[in-house]
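Colleague: Each chain, letter by letter, is given below.
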Amino acid sequence: MALATLWFWLVAVLWVGFFVLEGFDLGVGALHAVVGRTDAERRAAIDTIGPFWDGNEVWLVVAAAGMFAAFPGWYATMFSGFYLLFAVVLAALIARGVSFEFRGKFDGTRWRGTWDVSMSVGSLVVAAGLGVALGDLLHGVPIDQNQEFTGSLADVLQPYALYTGLTLVMLCLVHGSTFLALTTGGVVRTRARRLAARTAPAAGLVVLGFVIWTRISEDKGVLISPLEACAILAVFAAAWLASETREGWAFVATTVALATTVASIFVDLYPRVMVSSTNSAYSLTVDNTASGSYALKVMTIVAVVLLPVVLFYQGWSYHIFHRRVTRREPIETASVPQS
Amino acid sequence: MSQLDLARIQFAMTSIYHFLFVPLTIGLAFLTAILQTAWHRSHREDYLRLTRFFGVLLLINVAVGVVTGLVQEFQFGMDWSAYSRTVGGVFGAPLAMEGLAAFFLESTFLGVWVFGWDRLRPRVHLAAIWMVAIGSALSAAFIMAANSWMQHPVGYKIDSSTGRPELSSIGAVLTNPVFIRGYLHVLLASAVTGSVVMLAVAAWHLRRGRQVDLFKRAARLALVVLAPAIVLAMLVGSELGVTEAKYQPMKIAASEAQWTTCQPCSFSLFQIGGGNADHTPTKIIKIPHLLSLLATNTWNGQVQGLDELQSQYEQQYGPGNYVPNVFVQYWSMRVMAYSATLVFLFALWGLWLLRRKRLETSRLFLRVAVWIAVLPFVMNTAGWLLTENGRQPWIVQGIQLTKNGLSPSIDTTTVAISLILFLVLYGTLAIVDYVLMRRYARKEISEPAPEDTAEPVPSMTY
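Order-wise, the sequence lines are chains C and A.
Reading the first sequence from the start, the letters are residues 1 to 339 in our numbering.
Reading the second sequence from the start, the letters are residues 1 to 462 in our numbering.
Chain C with its partners taken away, still in its complex shape (with noise of 0.2 Å):
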């Protein structure tokens, strides 16, 4: 295998990990104030993603910076075609970051609740915003000869990329219920499974909906492919999982539902990277946006070194916090989970 193509599986696993574990933590984040009534209740919520968020967002920095530096035009196209969009993903990004850390820092009814808001609302805007790019991506936008953007904002919000962003929110929303019913205790927990078991079901149908249209406007015929199965399935089994108080195993299918989905997007994007829809001789392929050998080199060698060392401290930082959270002390009373 060529090593550009290597790097855009890559690049693809980079973008399913920052789905897979940041997924949870924007749901958590937009779903705090929901499964927590109390303020005691909203900071158990808070607690449990606490460790990880800072970690999680870091897929995403990785992601991009895999794509600067192995695809340089993949990078520029999208990041100055989607301009605007991702200047309101950083700002949700920011507001959302910020507010973990600022709002306990000062006791006060209105102060916790502005950064409730904005926690929730970035949480549900990064979600909504990545979504829509990767569904651009794969449905084109408009590219000249030259592999410049040359549409508007009107094109990168065009109807088939808002739907993916939604159902990566849905998609987002169940995983973090999921993971909340899993790592907390008491009430939060049981609103949590509640919410899980109840939100699961239409976050399937609107998946079975991207399926369905993805089959259509990339012209695939009805048969549809094991990664799309397993995402509809997935979903479907998570509300039945946390219905039934397997809150473990529904985790494990939340996961594997967000992981396909956002997975089955580059899988059809292959071996193309962005989709022109100016002509399809324009779009960006792997070949043509590709860095020299000599680069791809360096960075594989550098990627296969590190990789495995970071999912290792990573699994081990999860690993130390697995106990739940429950209101008041996060840590003392902590128990294990039973899944």
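Rather than coming from a laboratory, the hints here were simulated on the basis of the structure.
Quick caveat, the model's predicted, so the values are computed rather than measured.
Any given hint could be a false lead.
DSSO-like mimics (lysine-lysine), calculated; alpha carbons at most 27 Å apart, straight line [unchecked claim]:
1. C:Lys-105 / A:Lys-216
2. A:Lys-357 / A:Lys-216
3. A:Lys-443 / A:Lys-216
4. C:Lys-105 / A:Lys-443
5. A:Lys-157 / C:Lys-297
6. A:Lys-246 / A:Lys-283
Position chain A against the provided structure of chain C, taking the given hints into account.
Modeller: Here is chain A on its own, set in the frame of chain C:
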């Protein structure tokens, strides 16, 4: 204003803003790690309390540093897509390595450290804060390697089919002389920033006679770090100047507003007038030989004037204006150097008081110490203005002009909208961050040791 102006303002704004937090984060991360190590070794509770106290200040800043760093990364593609397309094959590699090697380390272990007080063995927990500190220093290394490549491109060859630079030696990129000196300079400036802030916070408490024993320790540690750090920062900075004079002679000539070639060259303390239109500013108090020393490390070294360099560049690169903004260059150099000198004198004063055991009782010193905290930030900002403005009109020295690096698909309005959005956001964040920092910095450190209380780390959870 043109798209070029707005995009440059946006980039400068984000970089300057981001770099208010970065050196403070790096400096405080190491200082906090040192404090925790001291606690680990001595088991003195004072050190534990200081660790937690400064740990909170660290956290407030990391949050803002991380999120503004994301903007930095996205902006290359958003505003400078032609640049990204052209040089991504070289410039992108250190950025990707930064993410893989540094950001993951820093952010994962920060979470482990903040939430791990009661879950980890003390030794492992101590290792976590060191990982945070190392991660923050590593991330600066990779981004400095990338920036140094823009100042002095090495380790690349021009691809014959695309005409774009491609990486040909990662070793050369990572041993770029501009990088080695620039990186050391940044690390030392971070140590200065962190320790000055720590000293300022300690001084504020000492002046009010609060928890004197505790904050005396912090003040002493800060001074012991600050004094050598500021001296070394100035020395390495001057070495960096010599290196840059070799590869970017325009940068150095402009920082003295030196239009004609000179030998030996004097350094002016101030000037009246000056700028790109005024080639004969009135220079006040000239120190003979100093510019020769700074630029070439020799007593009688020659410094090429801007006019001569301009005609050289025109021959080499074709017609155009290759002189950076001389006014900004002249003054940013001086603001940086003079702030550093003040910090240096202040550190000497502190050391002298420390020797006489009067540090905690000298009211004047403690009062000055609080206000001196502004200086490192001024110094850092001026330093970046000096190095980035001095590279203009190039985005990558000798390879691409800044005006050719813009995104062709973007118009002025789009950049203006995002500029306003980020301006509002940064402004709000700066205020909130400052208010929170001030609140926390003025808090008395809670008396009971945290492990004795029911709620383990109240200030560090959400």
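Colleague: Look at each hint and say if it fits the structure.
Modeller: Checked hints:
1. Taking the CA atoms of C:Lys-105 and A:Lys-216, the gap is near 26 Å; set against the 27 Å cutoff, the hint holds.
2. About 10 Å separates the Cα atoms of A:Lys-357 and A:Lys-216, which keeps this hinted pair within 27 Å; it holds.
3. Annotation: proposed proximity of A:Lys-443 to A:Lys-216 holds, straight-line Cα distance about 16 Å (limit 27 Å).
4. Among the hinted pairs, C:Lys-105 with A:Lys-443 is consistent with the structure: their alpha-carbon atoms are about 12 Å apart, no more than 27 Å.
5. For the hint pairing A:Lys-157 with C:Lys-297, the CA-to-CA distance comes to about 16 Å; that is within 27 Å, so the pair holds.
6. Between A:Lys-246 and A:Lys-283, the direct Cα distance comes to roughly 25 Å. Compliance with the 27 Å bound is thereby established for this hinted pair.
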